[in-house]
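> Listed below are the residues making up each chain.
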Amino acid sequence: MDLHRKISFPRIARYNCAIKYIIEMGTGASYIMQPEMTKRTMEIGTKYSPDYVCTPFKSSLGSMIEALEAGADTILMTNGLCRLGYYGELQEQILRDLGYRFDFINLSEYVTGKLKDYLKAVKRIDPKVKLPRFLLALKDGLKMGEYVDNITEEYYKNCGFEVTKGEYKKAFRQFLSKMETARSRGEMDAGYQAALQTMGQIPVDKPEKPLQVGILGEFFTVMDAFSNLDLEQHLADMGVEVHRWMNVKNRMLHYSGEKNLNIKIRDLCSYEMGPTSTANIWCAREYAEQGFDGLIHVKSAGCTPEIDVMPVLQNISADYKIPVLYLTYDSQTSDVGLMTRLEAFYDMIRMRKRVL
Amino acid sequence: MEHAYLGIDVGSISTKGVIIDKDNRILSSEYRWTEGDPIGAVKELVRSLEAGFDKEKYKIVATGTTGSARKLAGTIVGATMVKNEITAHAVGTTTFYPEVRTILEIGGQDSKIILVENGVAVDYAMNTLCAAGTGAFLSSQAKRLGIEVEEIGDIALRSKHPTPIAARCTVFAESDLVHKIQNGHSREDIIAGVCNAVVANYLNNVGKGKKIESPIVFQGGVSKNTGVVAAFERTLGCKVIVDENGHLMGALGAAILAKKSGNRNEFDFSMEEMEFHTREVTCGRCTNNCEIICVYRNGQMIDFWGNRCERGANFK
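Line by line, the protein sequences are chains G and V.
Using the numbering used here, the first residue of the first sequence is number 24, and each one after it goes up by one.
Using the numbering used here, the first residue of the second sequence is number 46, and each one after it goes up by one.
Hints may contain errors.
Claimed, not checked - Straight-line distance between alpha carbons at most 27 Å, and here's what the computed DSSO-like set of lysine-lysine pairs gives: (1) K305/V - K232/G; (2) K344/G - K256/V; (3) K305/V - K229/G; (4) K256/V - K188/G; (5) K62/G - K116/V.
Simulated from the structure, these hints should not be mistaken for lab results.
Note that this is a predicted model, so its numbers are computed, not measured.
Just chain V, with the same shape it has in the complex:
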């Protein structure tokens, strides 16, 4: 049986999964909404991955998880590698684009920039304290304008004169946008303006002080938005590469990292039938009141975390 590797990326908005073989070819992939239920999303994800996967020919020998719910996902799937999304994205992208110099990534709640030299990340930045200029902003504005977030790109590309929209902060951008709508700007122009605002915000906040060099790869959910891609190309004055699997890059990175590390633990598809739940407990052994998260599988506690000192370490 040939070896295969599973990578799962659980983000705030979407959950992504891939199974790759030893040459990093994708055997099965899936993308779905997290909908505030990371455990449920991972189980559904695994079910879909299983359907498109040849279990007679391959077996999954290592599993990597990444994304903001990487720890929780890692516990329930028995991951051999739990990695932050910045490293996973850098590793995934440099594997498929060894020449890349700049990785732009805009997800649902966060955005990051990774600078690469000689195939290794040398600098990065991630948005802090604020989700301005991320997918969350785009989807709330799409809702306001009565369109699907998937349609934004095509509509934006039809605009000849994008409306300038204040880009410093989501709240300001929103009130500026409302004023412009009420003033009679066309919908295409407004939507193209929103795309420009996302780019301007990204470059001013996350990209501030960073030298953006070509080749540039743009990924994360927002990279599927052709309006934002066009805005990036216009602002940066060069081509921006969007991989058809760009949305899976974090999951691919996690799978590649799991493959590279020596840890092996055969993945068991039966986890999709198991019952998982979490419980939050306040430790209460000092005034820090750490919120400890306990994870249960079929009623049995399998892991817990969240304690900041050893008083909560033997928590049961």
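In isolation and in its complexed conformation, chain G is listed as follows:
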């Protein structure tokens, strides 16, 4: 039996390049990159999912199927702090019932807080793994995730103001393809520095006080452009500086901790509220205090932690007089309804800014 695994992970935002790096540079396994999510991914995901489950379950299931079709023999699935923590188990069962033959590594089974359990997961990926090599790849891979976040932030803040249409997108794509092919920390760093430099030189025509909108919400849908129907791009194209704190860098790598963040929002809510709720409430108020023109709250239908955030956002909206647009995503792939709401939101904050 060939012990050399072909591993894949469901598509998530722009981070698969970092997962690929950790797997390929840190272990003896190879990584299978399935195609980016499309309408077909959602169709097959929806077809085999329970109807009332949240949309990330459906899209990640679809993406797993596309990974298996692309030749993966092992699916890696994340743990999670909400229902997501149970998704892997159910998705594995659905895929088995469909007749796929594969190995399933569900991180939910290993994330116990004990180091030796994490090691077990790594050993399952590659029993002959050399730990120093893996740890180095992990460190560098996470760095790549951070680079992706930094460039993504830079991109959405500025691409709506470029003088020549398309320059930012071109630089962004070049950067992402370099991250996907990087085989060393050096290549990764060079790609990052090059992107910073290229983007820094793109002429932009930005007013002194541009419209600023803060995007927040459920971890997966808010970061994944396919799932939120390219919300950030549409907004940027209208001439808005788009900010999004919620990403892997801020929520996972440099997170100050639930308790430390919760203490800052004690006047708004008494309890710790779940996976990203505390952070979103804190972040919404930060944006409001910085004088942002509006906030957009993104969630998939039925996301309980984010539904809990909404009443607090309504208070923030009233206290700071900042409009909040609430968007709920399901498995729809038409962006007509989204565009109506987004255009209206843009018109509103623009007219409002002129009057105030």
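Starting from the known structure of chain G, fit chain V onto it as the hints suggest.
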């Protein structure tokens, strides 16, 4: 020749049009059912507008379209301004009611609330994922009770004890309603209950968490229903203004926006004689399979949309 401005609002249920002069006075207006044929409805609309319009005295220099078919309508009439219905309603209403603080709008498939401060919209919400508590619900219940949707208001106002009807969801409301009918509640009470359910649903869903302040303007097709107006006034405890042109407010807003923007393009009434048709094509250049809509005028493609990436951008 004096300048005039055309505004067209193509909704799911009805199509509205107005021609205004530079002081926002209505020169000609028309309201008709869309009947699932937005192109046909727009052509008929333009024909009726033309009949009531003095072409010797005025010429239309700018055209605005709004409503869910705004893009399609905009293409076939050569609009200078295509605007979403939320902005159009806000602009239309604040032009005629500068003091307004809250705009309630219930249309055929959607409903929205717009909060206004100092004449500018500061917050809004629109129903998501569900058409509960909209005109569609009222007309299906009218059909069930064997009355015309236009009669609902008068019948509801005759009721002394409106029947409580579950308002959370259209499907639940409908089964609750059937049970109450079979239990022997009078028709007036049931109909008044339906009106209350629409209001309760609206306030629980769209109006949730929004501070509704007076003066309140209520518009959209459902505002013509006096039963729903009465239910709103009872629930909110204050007067609700319904403009006689409330159903035209989106079209008025579109015309005003077209006037305000500098874009000019003289409207040509001959479009009502032209042949328009659309064709849906699946792009097929990746697995996203974007549905691209092509619009043809007299057999010539004049516009297309629906592609999500540049692979479909030079589609022919």
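> Evaluate each hint against the coordinates.
Status of each hint after checking the structure:
1. Between K305/V and K232/G the alpha-carbon distance is near 24 Å, which keeps this suggested pair within the 27 Å criterion.
2. The straight-line distance between the Cα atoms of K344/G and K256/V is roughly 12 Å, inside the 27 Å bound, and the hint therefore holds.
3. Restraint check for K305/V and K229/G: the C-alpha separation of about 24 Å stays at or below 27 Å, so the hint holds.
4. Simply put, K256/V and K188/G have alpha-carbon atoms about 41 Å apart, too far for the 27 Å limit, and the pair is violated.
5. Distance hint between K62/G and K116/V is fulfilled; the C-alpha atoms sit about 23 Å from each other, no more than 27 Å.
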